[in-house]
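Trainee: Sequence:
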Amino acid sequence: MNKVFLIGNLTKDPELASTSNGIKFCRFTLAVSRSYSKDGKRETDFLPVVVWRAQADNCARYLKKGSRAAISGSVQTRSYDAQDGTRRYVTEIAADEVQFLSTKGDEQENDVDFDDLKPIDEDLPF
668 MNKVFLIGNL TKDPELASTS NGIKFCRFTL AVSRSYSKDG KRETDFLPVV
718 VWRAQADNCA RYLKKGSRAA ISGSVQTRSY DAQDGTRRYV TEIAADEVQF
768 LSTKGDEQEN DVDFDDLKPI DEDLPF
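Residue numbering for the sequence shown follows the working numbering, starting at 668 and increasing by one per position.
Mixed in with the good hints, there may be bad ones.
Only pairs whose alpha carbons sit at most 27 Å apart, straight line, appear in this in silico BS3-like list of lysine-lysine [claimed, not checked]:
1) K679 to K731
2) K679 to K732
3) K691 to K732
What follows is a set of in silico ranges between Cβ atoms, one per label pair, in the way DEER data are often shown [as the list claims (entries may be wrong)]:
4) S685 to D706: 40 to 50 Å
5) S702 to Q750: 31 to 41 Å
6) V671 to S746: 13 to 23 Å
7) K679 to A749: 18 to 28 Å
Honestly, the hints are just simulated from the structure, not real lab data. A virtual CB, placed ideally from N, CA and C, is assigned to each residue, including glycine.
Input sequences plus hints: build the corresponding full structure.
Mentor: The structure is reproduced here in structure tokens:
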């Protein structure tokens with residue numbers, strides 16, 4: 668079973684892009700704190716997350732650096748050839764579901780209207 672549940676804060680604004688086939692995706696890094704270690708210091712992991720289709724649009728629209736989010740998904744690995752000819756390996760979290768625990772609107776006077784969120788397409792490209 669490959670299932671991940673994380674709660675953390677975005678380290679920078681999400682980046683929305685599209686594949687060559689026009690499928691939208693959004694990437695962001697989630698800072699997730701570990702339990703306290705033996706010396707009393709809290710450690711943090713910085714985990715790359717990718718979200719697809721309508722959920723990607725929603726993440727790009729409503730999340731920003733510092734936003735708190737809960738995600739569920741799976742761990743994925745992939746590789747590619749870099750421009751310098753070396754083989755690069757990437758491990759990331761493919762989010763199936765993202766819950767906005769805080770949004771861009773939380774720090775502003777105006778409220779976020781969650782009624783206009785787009786429905787999520789369950790047919791993921793992997």
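Trainee: State for each hint whether it applies.
Mentor: Here is what the structure says about each hint:
Our distance criterion of 27 Å between C-alpha atoms is met by K679 and K731, whose separation comes to about 7 Å. Annotation: proposed proximity of K679 to K732 holds, straight-line Cα distance about 4 Å (limit 27 Å). At most 27 Å may separate the alpha-carbon atoms for a hinted pair to count; K691 and K732 meet this at roughly 20 Å. For S685 paired with D706, a C-beta distance near 45 Å keeps the hint of 40 to 50 Å intact.
Between S702 and Q750, the C-beta spacing of about 40 Å keeps the proposed range 31 to 41 Å intact. In this structure the supplied range 13 to 23 Å holds for V671 paired with S746, their Cβ-Cβ distance being about 20 Å. The beta-carbon spacing between K679 and A749, approximately 22 Å, falls within the hinted interval of 18 to 28 Å.
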